[in-house]
Structures are given as structure tokens and as C-alpha cells.
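Engineer: Chains as they are written, first to last, in numbering that gives the first Met the number 0: chain A, 0 to 413; chain B, 0 to 413.
Among these hints, one or two may not hold up.
Same chains, same names: a pair is fine if it fits in one copy or spans any two.
Said to hold, decoys possible - Derived pair list, reagent style DMTMM-like, types lysine to aspartate or glutamate, alpha-carbon separation capped at 25 Å:
#1 LYS8 with GLU325
#2 LYS108 with GLU96
#3 LYS105 with ASP354
#4 LYS8 with ASP328
#5 LYS108 with ASP328
#6 LYS8 with GLU303
#7 LYS108 with ASP89
If you're looking for bench data, these hints aren't it; they were derived computationally from the structure.
In case you want the letters, here they are:
There are 2 protein chains.
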Amino acid sequence: MYDLIPLGKRAKEAARILATASTSQKNKALLCVADALVSQMDGILTANRQDLDAGREAGLRPSLLDRLSLSEDRIRGMAEGVRKVAALPDPVGQQLEGKTLENGLKMTKIRVPMGVIGIIYEARPNVTSDAAALCIKAGNAVILRGGKEAFHSNLAICRVMRDAFQQAGLPQDCVQLIEDTSRETATAFMRLNGYLDVLIPRGGGGLIRSVVENATVPVIETGVGNCHVYVEHTADLHMATDIIFNAKTSRPSVCNAIETVLVDREIASQALPMIYEKLKEKSVEVRGCPETLQILPDAVPASEEDWGTEYLDYILSVKVVDGIDEAIDHITQYGSGHSECIVTSNYFAAQTFTDHVDAAAVYVNASTRFTDGEQLGMGAEIGISTQKLHARGPMGLPELTTCKFIIQGCGQIR
Amino acid sequence: MYDLIPLGKRAKEAARILATASTSQKNKALLCVADALVSQMDGILTANRQDLDAGREAGLRPSLLDRLSLSEDRIRGMAEGVRKVAALPDPVGQQLEGKTLENGLKMTKIRVPMGVIGIIYEARPNVTSDAAALCIKAGNAVILRGGKEAFHSNLAICRVMRDAFQQAGLPQDCVQLIEDTSRETATAFMRLNGYLDVLIPRGGGGLIRSVVENATVPVIETGVGNCHVYVEHTADLHMATDIIFNAKTSRPSVCNAIETVLVDREIASQALPMIYEKLKEKSVEVRGCPETLQILPDAVPASEEDWGTEYLDYILSVKVVDGIDEAIDHITQYGSGHSECIVTSNYFAAQTFTDHVDAAAVYVNASTRFTDGEQLGMGAEIGISTQKLHARGPMGLPELTTCKFIIQGCGQIR
Chain A
0 MYDLIPLGKR
10 AKEAARILAT
20 ASTSQKNKAL
30 LCVADALVSQ
40 MDGILTANRQ
50 DLDAGREAGL
60 RPSLLDRLSL
70 SEDRIRGMAE
80 GVRKVAALPD
90 PVGQQLEGKT
100 LENGLKMTKI
110 RVPMGVIGII
120 YEARPNVTSD
130 AAALCIKAGN
140 AVILRGGKEA
150 FHSNLAICRV
160 MRDAFQQAGL
170 PQDCVQLIED
180 TSRETATAFM
190 RLNGYLDVLI
200 PRGGGGLIRS
210 VVENATVPVI
220 ETGVGNCHVY
230 VEHTADLHMA
240 TDIIFNAKTS
250 RPSVCNAIET
260 VLVDREIASQ
270 ALPMIYEKLK
280 EKSVEVRGCP
290 ETLQILPDAV
300 PASEEDWGTE
310 YLDYILSVKV
320 VDGIDEAIDH
330 ITQYGSGHSE
340 CIVTSNYFAA
350 QTFTDHVDAA
360 AVYVNASTRF
370 TDGEQLGMGA
380 EIGISTQKLH
390 ARGPMGLPEL
400 TTCKFIIQGC
410 GQIR
Chain B
0 MYDLIPLGKR
10 AKEAARILAT
20 ASTSQKNKAL
30 LCVADALVSQ
40 MDGILTANRQ
50 DLDAGREAGL
60 RPSLLDRLSL
70 SEDRIRGMAE
80 GVRKVAALPD
90 PVGQQLEGKT
100 LENGLKMTKI
110 RVPMGVIGII
120 YEARPNVTSD
130 AAALCIKAGN
140 AVILRGGKEA
150 FHSNLAICRV
160 MRDAFQQAGL
170 PQDCVQLIED
180 TSRETATAFM
190 RLNGYLDVLI
200 PRGGGGLIRS
210 VVENATVPVI
220 ETGVGNCHVY
230 VEHTADLHMA
240 TDIIFNAKTS
250 RPSVCNAIET
260 VLVDREIASQ
270 ALPMIYEKLK
280 EKSVEVRGCP
290 ETLQILPDAV
300 PASEEDWGTE
310 YLDYILSVKV
320 VDGIDEAIDH
330 ITQYGSGHSE
340 CIVTSNYFAA
350 QTFTDHVDAA
360 AVYVNASTRF
370 TDGEQLGMGA
380 EIGISTQKLH
390 ARGPMGLPEL
400 TTCKFIIQGC
410 GQIR
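Same shape as in the complex, but just chain A (with noise of 0.2 Å):
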């Protein structure tokens, strides 16, 4: 079997080293990289074409093998997000809190690294430099496992960092690549204690319940979104019908689209079909409750399962509701805390929303596929966390750190 410990413990030595690089050599670094990124494309460009052919072998559907597949374009725009984390502002060593205490300790709270994180995720190679920038302009070590369809073009991509890495003065083992994608592997991954600080999932509904369920070393859970729009009885209804055209076609893979649409009763009659004739621009299916289905007798009888299903597809469910309580009730029961928006004109509507609806974003009059963070102008983003734990939306540079107190005496006991 694979043994992850090795990986575990060069990570922990980088880290250490990485932990006080100052600003300065981990841009320098992350320059180097993006640099030779585009200059060694040819190499990646091959490693991938193994990765394709192999794919469309096994049978892979187009959509995954487009995923899956590099090209010039594509590896300068993994370069360019690379030059980009190099420009962000550096989160380590910012002074979160200081004070001193009565007895003339001086307290203060700073950032500093994670340590080590793991990431795990699936068929995007452009993944394995993304994640890696942003975890190392933060300070920290990562162990990478990609998927195994992918798994030539993220060997390419890593020693193309590594060497990178080693040029600019900085450990190669800053990045790291677990080179087995078996399944026992993965949860050996999962279960790396003493060695990784976090594990983050990068990928589907199956792969985050996997590692939620298999991990015992912490773990961020991202990325499902069961998003929806509610249409309060006095919203603006061509407002309305544009944030949903929007929120739902424009990148309908995305976690931030939506998947239902919540309708006042009141406005039902009137809003659903102006809504109904937009999306057939896209040929969206629409899925109505019994009550939708009487003023839209085209669309397709939604199932108890629509409620609860993430689409990531042109497909959307609708249901007629009594008001803003029974709205915040469906979304309670069904949402899955990512993006939640309310259309309305009503000052007190919109109040009762934002403060009652729990999820990460909580929109008024406002698309959800804002929920993104550069959009949100953090910068970008290792994903979306979905969990309420150490950081909930979009996670940036400062979401892969931790504190530390220090604290400096002379000679103060208790």
C-alpha cells in the first residue's frame, strides 16, 4: 500500500521553512511558477494528451473531457491565476487584536499559517496550480490529490511547480502529489492526523460526502448549492424574471445557479408565465408544484425529490407559496446554506429574509451568482465553504490561516 506518512512528514519540513518565508520570496516563488507554467507547456500539453486519449478510452462523457482537457489558452490562464494570487495582499503576520493586560502582559493575536493542507478534488487539472498558489502565498504546504483521469497532466503541472519551487529558494516539497489514485489511498488521505491541518474538497456531492464521512483530520465541506430565488409578492416582476433567467442559466454547473423558484401565491397568475417565456430562451424544463402546473399546464410535475435535488443543469423547479413564512420554511427544509435571494420591494420583507434565512449569501434583488470571490472582490477563492465552521462562502487567502497569541512578559506568574 501507498504510504502517505514520507509525503506527511516532507510536508511538515516545508512548512516550517514556508511558515516564515517572507512575503516577498513566496511571490517571487509563485512568479516562477506562472513563468514556467507557460514555458514548459509543451510537457503539459503532452501529459494531458495521455490523460485524453486514455478518457476517451475508458468512455468518458465530452462534458468531463472537456473538463479534463488543456490547451495553450488554457495553461496561460492557469499562469495568469497564478500571477494573480502572487498580487494579493499577504494574510500572514496581520495583527488581529493586541492589548495589554492589567498586569502589563502584552497580548496580541496574529495570523500565521495553517501548516499543512490537503486537497482533494477531481477532474480539473487547472485545480492542482490554483489551489496550490493560493495555499502557498498563505504559508502553507499542500499534498494534492487529483483524480485519476487526470492524474498525467497534475504530475506534469507539479514537477513543473516543484522545480519552480526549487529555483525561487523555497522547498520543492511545498507541493506535493499523492501518485496513487486508488480509493483506499483517498481515505488513508482522509485520515492523515498529525500531518494535515485541513482537508479541503474540491469537487461533487459524492466526493464531499465521502471525505465527511471518512475524515477524522478537519475537514472544510464546499460547494453544494441548492440555491433558490423567492419572489415576494411586491417584487419588481421583470426584476425578478431577470436575476432568475440569470441566477439559473447563466453557468447552470455552477454551485452558485440556482435550483427552485419560490412564487407568492398572490403574484403566481401574473409572474410565472413572464418567468415560464424567458427561460425557454435557454429551453429550461421547468418542474411545477400542482399549483404551478394550473397556470403553466406545459411544464413537467415536480416530485417530492425536486425539492431537495441540485440540477446543475437547465432545469428548474417552481412552487407557488402562501408568503414570506412558508417561502423561508421551503428554503429552510431544503436549501443546503449557500445562496438564497428574496425579490422584493417591501423594506420589511427584505428584513425577515436576510435575517432569517441561514446561508452563507443572503441576497436582496440581487443574482446569486455573486457568490464567488472575486466577485465579492476577495480575490480568488480555494471554494465555497458550505459548512459553518472556520469560514462560511467564499474562502480566500485569509480562510487558510490560523491565529496564534503571543504573548510577552517580564516574568508575570499567576
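Following the hints, position chain B against chain A.
Structural biologist: Frame of chain A; chain B shown alone:
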């Protein structure tokens, strides 16, 4: 088998109400709890006598019986603890960040309650009211699972609290006690995903390991402290002696007490006899490395196991080191990341130690015993986190909350 789902559901319902309860409502309820603990003291003491009788019959150690035991004074202390929590500032609703984005979206990041917090703890019945008060002040419902030795005491305290909440207009189910102390139910509690937003174990190393190993809900690890004092060769030896004496003997059973002293070779023959003499006042057993034994022939030889042991007792291991690098390496290898101290007069030694030692609290010239929420001016604490995710060091009210992004627009789409 005892079914935790109904408790989970009731807790979630209570949490929805608590999440938007005003500070004054919560404070009123907590003061009501404090009054009720005092006015219904007799019932609690009767229940406690039941536990003590059973404990004596089961042959519990005197120290355990002492922890279990309540008195009029101790109950008044518990009530006082609850009043102190009521007096702390409410973290809920605090704005953590706020800005207007280029597209006009107004984004604010605010503190909100976690939801439902689980606490799993051992023999001290005072944890029942202490932990519940903190959770509720931060707007969370709490589910408690105490040790079987304290079952009747916990149940009586919990009933008093539930009645007081109801009287004050908050749901009884803000606090629930799991009325089954079997191991199976404890494990099921650790896997109550969908109901528990976080689980905090409070107790010894065995309990914490069991939670880390078995839990599938997010966990905050607390409490194991293998702490060190390093006497650097420029240290004021009187100061070093006082700090070591205080950190070892003022309360050896707590996690911020030290277990090992590291001394620079250069000053060992002068420092060790001074430290040894002082420790004799409290009959501390010293377990030394071979060099220590040459200087202190009466000391006991330390085994490899000693360096990793949290004695929680009047025992101290002592090692002579070659200098600061060896000291930091030793701490990196054996420390639990809780509290570490250097005694020094050298500016650069102080900086090297605080930069390179990876622990929740790093001290220069002060006793590790200050790692405590009250001592650091954070108010009452629910525990001391030794993990890096979410919270590190003493955890007060803010650490029992999460955040939510509220994004207000006027029709923005992406």
C-alpha cells in the same frame, strides 16, 4: 436504541428562534437561569447526592468524587458564572466587513449564531450550566451529553435551566440533555450530521481522541496540553525559576500547566539546582535526561515516553539542550500546540522563538498559566482549542458564532 433525531429537530427549531432573539431577551433568560439555580439548589443537591452515593459504591477515585461533588457554594458559583456570561457583550449581529462593490451591490459580513452546538463532557456537573450559558448567549441551541457519573446532577441542572428559559419566554429546547449515557448513543451523537453544526468535547485525552476518531460532524478539538518552558542561556534564572514553579505547581491538573523544562547546556549546572530546590517545596518529581541526572543525581531518569506525556500531576521532565534550535525542534516534535514559553534576555532569541514555535500561545518571560479566556480578557471560555481550524487558543463567545454575507442590490445580474 435511544433516538437522537427528535432532540436534533427540537434543537433546530429552538435555534431558529434563538438566532433572532434580542440581546436583552437572552440576558433576561440567563439571569432567570442564575436565580433558578440558587432558588432550586435543594433539588440539585439531592440529585448530586444520588450521583455521589452511586460513585462511592462504584469505587470512584476521591479526586473524581471531588470533581463530581456540588455544594451550596459551588452552585452559587455556577449561578455567578451564568450572570457573568449575561454581562458579556453579545457577538451576534456584529458587522465584520462591509463595502459597496463596483456594480453597486452593498455587501456586509455579519456575525450570526452557529445554530446547534453539541457538548460532550465528563464528570464536572458545573459544565452543564457554564457551557449552556455561553452557547445560548451566542444565540445557539445546545445539546449536552454529560458523563454517566454526573447523570442525576446534570438532569436536575438541565431541568432548572429549561424551566427558567420557558419562564423567560425562550424555548425550553434551547438546552437539552441526552438522557442516555451509553457509548452507542455517544457515537450516534458524534454522527448527527444535519442537526449538529459543531461538536465540542470537554474532557481528557481519551474522550477527545474518541470524538476525533468517530465524529462525522465538525469538531473543535480542545484541551490536551503538553507545554514547555525553555530556559535560554541569557535568562534571568530567578525569573525562570519562578515561572517554572508557577507553571508547574499552581494547578498541575489543567492543560496550561507545563510538563517539560528545557535548559541550555551553558547554564544547566547553575540553573537546574535552583529550579530543583524550588520544586521541592511542592515535592515535584523530576525526570531528567542523562545530562540532567549528572547535575541532579536525585532525579529519576526520563524515558522517551516522558517527553510526550501530559502528566497533569506534580511531575516534571527536564532536558538539557544545545541551544534554541534544539529547543524548538524538541517542542515541534513533542508539543501539543497549546502553550510554550521561552525565558530569555536576548531580543533575537525571543523573536526566533515566537516566530518558529507553532502553538496557540507563545510566551516570552511569563507563565503558561495565562492561557485562559478570563486571564486574557476574553471573558468566560468554553474550552481551549488546540486545532487550527475555526478557533485556536481560548474560545469565548465570538468563537461560538459563524458569519453570513448579506448582499443588497437593485436588480444586479452577472
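Engineer: Check each numbered hint against the structure and report the violated ones by number, ascending.
Structural biologist: none
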